[in-house]
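Peer 1: Residues per chain are reported as follows:
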Amino acid sequence: MPTFRAPVVDYRFLFRELFDVASLASLPGYVNADLDVLLTALEEGGRFCEDVIAPLNMPGDAAGCRWEAGDVKTPEGFPAAYAALADAGWLSLACDPAYGGQGLPFTLRFAIDEMLYAANLSFAMYPGLALGVYEGLYAHAGTALKELYLPRVVSGKWAGTMCLTEAHAGTDLGLIRTAAVPNPDGSCLLTGQKVFISAGEHDLTENILHLVLARLPDAPPGTHGISMFLVPKFVPDANGAPGARNAVFCRSIEHKMGIRGSATCVLDFDRATGWLVGEPHKGLRAMFTLMNAARLGVGLQGLGLAGVSYGNAVAYARERRQGRSLSGVKDPQASADRILHHADIRRGLLWMRAFVEGARALATWTAFQIDVELRHPDSSVREEAADLVALMTPVIKAFFTDGAFVATNIGVQTLGGHGYIRDYGMEQFVRDARIGQIYEGTNYVQALDLAGRKLPDGNGRMLRRYLAIVRAELAEAERDPNLAAMANAFGAAVNRLSRGAMHLATKGIANGDEVGAAASDFLQIFGYVAVGHMWLRQARVASQRRVTGGKMDQRFYDAKIRTARYFFERMLPQTETLLVTLMSGAGNVMDFDDDAW
Amino acid sequence: MRIAVCIKRVPDMDVKFRIAGHAKGVDETGLKYDMADFDGYAVEAALQMMEKEGAGEVVVVSLGPDAVQETLRKALSMGATSAIQLKCDEVPFDGFAVASALASELGGATYDLIMFGRMSTDNANGVVGPMVAELLGLPVVTACSKLEIVAGRGTARRELEGGAEFVAFDLPAVVTIDEGIARPRYPSLKGIMAAKKKPLATKPANLPEPRLVIARMDLPPERKAGRIVGEGAAAVPELVRLLQQEAKVLA
Numbered sequence: 000m001p002t003f004r005a006p007v008v009d010y011r012f013l014f015r016e017l018f019d020v021a022s023l024a025s026l027p028g029y030v031n032a033d034l035d036v037l038l039t040a041l042e043e044g045g046r047f048c049e050d051v052i053a054p055l056n057m058p059g060d061a062a063g064c065r066w067e068a069g070d071v072k073t074p075e076g077f078p079a080a081y082a083a084l085a086d087a088g089w090l091s092l093a094c095d096p097a098y099g100g101q102g103l104p105f106t107l108r109f110a111i112d113e114m115l116y117a118a119n120l121s122f123a124m125y126p127g128l129a130l131g132v133y134e135g136l137y138a139h140a141g142t143a144l145k146e147l148y149l150p151r152v153v154s155g156k157w158a159g160t161m162c163l164t165e166a167h168a169g170t171d172l173g174l175i176r177t178a179a180v181p182n183p184d185g186s187c188l189l190t191g192q193k194v195f196i197s198a199g200e201h202d203l204t205e206n207i208l209h210l211v212l213a214r215l216p217d218a219p220p221g222t223h224g225i226s227m228f229l230v231p232k233f234v235p236d237a238n239g240a241p242g243a244r245n246a247v248f249c250r251s252i253e254h255k256m257g258i259r260g261s262a263t264c265v266l267d268f269d270r271a272t273g274w275l276v277g278e279p280h281k282g283l284r285a286m287f288t289l290m291n292a293a294r295l296g297v298g299l300q301g302l303g304l305a306g307v308s309y310g311n312a313v314a315y316a317r318e319r320r321q322g323r324s325l326s327g328v329k330d331p332q333a334s335a336d337r338i339l340h341h342a343d344i345r346r347g348l349l350w351m352r353a354f355v356e357g358a359r360a361l362a363t364w365t366a367f368q369i370d371v372e373l374r375h376p377d378s379s380v381r382e383e384a385a386d387l388v389a390l391m392t393p394v395i396k397a398f399f400t401d402g403a404f405v406a407t408n409i410g411v412q413t414l415g416g417h418g419y420i421r422d423y424g425m426e427q428f429v430r431d432a433r434i435g436q437i438y439e440g441t442n443y444v445q446a447l448d449l450a451g452r453k454l455p456d457g458n459g460r461m462l463r464r465y466l467a468i469v470r471a472e473l474a475e476a477e478r479d480p481n482l483a484a485m486a487n488a489f490g491a492a493v494n495r496l497s498r499g500a501m502h503l504a505t506k507g508i509a510n511g512d513e514v515g516a517a518a519s520d521f522l523q524i525f526g527y528v529a530v531g532h533m534w535l536r537q538a539r540v541a542s543q544r545r546v547t548g549g550k551m552d553q554r555f556y557d558a559k560i561r562t563a564r565y566f567f568e569r570m571l572p573q574t575e576t577l578l579v580t581l582m583s584g585a586g587n588v589m590d591f592d593d594d595a596w
Numbered sequence: 000m001r002i003a004v005c006i007k008r009v010p011d012m013d014v015k016f017r018i019a020g021h022a023k024g025v026d027e028t029g030l031k032y033d034m035a036d037f038d039g040y041a042v043e044a045a046l047q048m049m050e051k052e053g054a055g056e057v058v059v060v061s062l063g064p065d066a067v068q069e070t071l072r073k074a075l076s077m078g079a080t081s082a083i084q085l086k087c088d089e090v091p092f093d094g095f096a097v098a099s100a101l102a103s104e105l106g107g108a109t110y111d112l113i114m115f116g117r118m119s120t121d122n123a124n125g126v127v128g129p130m131v132a133e134l135l136g137l138p139v140v141t142a143c144s145k146l147e148i149v150a151g152r153g154t155a156r157r158e159l160e161g162g163a164e165f166v167a168f169d170l171p172a173v174v175t176i177d178e179g180i181a182r183p184r185y186p187s188l189k190g191i192m193a194a195k196k197k198p199l200a201t202k203p204a205n206l207p208e209p210r211l212v213i214a215r216m217d218l219p220p221e222r223k224a225g226r227i228v229g230e231g232a233a234a235v236p237e238l239v240r241l242l243q244q245e246a247k248v249l250a
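Chains as they are written, first to last, in numbering that gives the first Met the number 0: chain A, 0 to 596; chain B, 0 to 250.
Simulated from the structure, these hints should not be mistaken for laboratory data.
This one's a predicted model, so the numbers in the text were calculated from it and none came from an experiment.
Incorrect hints may appear among the rest.
Stated by the list, open to error - Derived Cβ-Cβ restraints for the label pairs, each shown as a range:
id, chain 1, residue 1, chain 2, residue 2, range
1, B, Glu237, A, His254, 54 to 62 Å
2, B, Thr154, A, Ala79, 25 to 33 Å
3, A, Ala79, B, Glu158, 24 to 32 Å
4, A, Val405, B, Asn124, 48 to 56 Å
5, B, Leu242, A, Ser326, 36 to 44 Å
6, B, Gln47, A, Ser326, 55 to 63 Å
7, A, Gly415, B, Leu238, 29 to 37 Å
Unchecked claim - Pulled a few chain A residues facing chain B out of the computed Cβ check, cut under 10 Å:
id, residue
8, Val8
9, Val36
10, Glu42
11, Gly44
12, Gly88
13, Leu92
14, Gln101
15, Leu103
16, Ile111
17, Gln332
18, Ala333
19, Asp552
20, Arg554
21, Phe555
Claimed, not checked - Here are the simulated DSS-like cross-link-like pairs (lysine-lysine), alpha carbons at most 27 Å apart as the crow flies:
id, chain 1, residue 1, chain 2, residue 2
22, B, Lys189, B, Lys51
23, B, Lys195, B, Lys51
24, A, Lys329, B, Lys223
25, A, Lys550, B, Lys23
26, A, Lys550, B, Lys15
27, B, Lys189, A, Lys156
28, A, Lys145, A, Lys281
29, B, Lys51, B, Lys145
30, B, Lys223, B, Lys23
31, B, Lys195, B, Lys86
32, B, Lys196, B, Lys31
33, B, Lys86, B, Lys23
34, B, Lys197, B, Lys51
35, B, Lys15, A, Lys329
36, B, Lys196, B, Lys86
37, A, Lys72, A, Lys255
38, B, Lys31, B, Lys202
39, B, Lys31, B, Lys195
40, B, Lys86, A, Lys550
The beta-carbon is built from N, C-alpha and C at its ideal position, and this holds for glycine as well.
Build the full structure now, drawing on both the sequences and the hints.
Peer 2: Below, the structure written as structure tokens:
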């Protein structure tokens, strides 16, 4: 069975030295976000994930969820773990204290989320969806709905779902058909079928709140005719307790490649009672506030899985002895050297490490921007932070999940045959990682969002803001002679990003396929630059602190600098190839007759 | 009921230790620290007694440099009411010195029960609890796996080889706690936030001159590589010969 060790040490570096997380406590509403509290929370949250959540992961994968006559039984231990998560306050850590939350920053929530996803992605889907409903209602519902429902989600008594997809409407939500008919009392009756609904039915909570996209009778066609509704599994009675069973039923659950402990449901709505959330016909826009949060969450899932796979791969490579080191015997008293001595094993492990630690820094940087966006007193600062988060959302979602699939496969490779069989749990990480590239908008949808929506917005305003920050970091790094080679490599990659953006802007006007064919390469370049930005910063801080003294020990700083070197010399050069393929244009994929397929 | 629980900050035992250059202690670089395992059980047992009673207080006490405040905060986030740090630059190896400093603090206050872990997970001397009892003139029960207090009188269960004994005693008393009494709870996020606002007093530790010091520490010698004498039945005569003549474990 694999083990999960929470990356607390790395987070201590990120919170205390790489970013000024202590400054969050000075933002309005974050008075409780004292750095000591955040560091202790990392420690104890990590331990909770290691001891309570992680042990349920492999058995949960083997058992899966069971559907019986409309009810769903989750794997053993899931209900108790959900209650423990909620009771301890981990579920509600970033929720509003007005509804029972802890009011702590997203910077902490992202870190705890990474740990939860790493410990047990299937399990972590359920609290993730419950918080999605919390955010949807918090942002868009009226006072009455908020006061009735939010405290019950925050306390962990009730969970939730996001019901978007229908059998014929996945990426293209404009096609959905579920209908909502208004009642005289202001409620609606919803009829239709939703598919691929994560956490759609389960035994973790006494009630489940579905946020459902549907059409009102007067709705215009397409995406501008979609409204958002709240449909509880049990309609609350006068005391707010679960009352009458609503007409929403789980028809079946899917059998899947991964996240087998997460119930993926077909839900039938048969004149189910619901309430409009937000304005009529503006439901898709409302749903997007939670979709954006969910996309960042999926990116964190990728980070978590890559991290846990890395930890287990290193542990194995340290113990397993096969063959002799090519540079001469390392352990003469043993019959073979540890595989950690083989150059190619290190090459793979360092790929994982550079990806994980770079992505973790980028996730933390982005979470910090979310806190600034939500809490900073100055509206121009908030707006800039919002731009940075919007720009980074598709990058984190797609680059982290693509990277996670590569990383978890290296994890399997490191263990060889033992990675492929089930006993070590390494193959589960691959299977669990695969969905991240698909749900919450496929990675191609993310690439289009980046290249076709975020880049042109305000004539490239978001990218300009971001590049200014990146260039400032570059200028700082250039002042440290130890970082000259890294800064040089990074500067070249930033220029490639600019050239890619220019190509999209000029070619895309005449022919949209030029954007479509280049978007995925562009997103990858962007991902390498964004993670490179974090590696340059980590290398700079580590290089300073190893001289002036810091809060971490010398070996930690040395390892950071060496991992940075691997990133700049062996990973960042990918941007060169990616720019070549991006610039090759759409012709090589579009000049192909339909009947030649 | 007023309970004091004495806790010690110790290195995480899962890591590989290195001996420091002066050979009188371990190299602390890269070590992670936490509350000693048995002390965690003691804190949990104390909290459960307080919760069962619905009143009273649990005061956690630790001796050492400012780093022990982290351990005290952890106990506070589990639910202890207040904390006392007895400040000194380093924790002496001599259990009597530690016990004297603790007794001088605990003797001045009125505690119904003073609790310890059965022993610290690093030095494993197991003497501080009994010595504090002796210094304060209190009864002591060591290695309790069950503890019940009713109307000023306590009963404790102690595990023996193949059996158990039940000990009765009057309060105030000192007890040291064995594992299995109650699984220590995880500090909740709510507890961590509440702990920040609970009182943590720092006082100088009243330490006498230590009468014991560590003279030298050694790692166990490296194990020599094994030898493969052959395969299958053909190897048996040679193996028997080696076991008789070299290892001398067979007559």
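Peer 1: Hint by hint, which ones does the structure fall short of?
Peer 2: none
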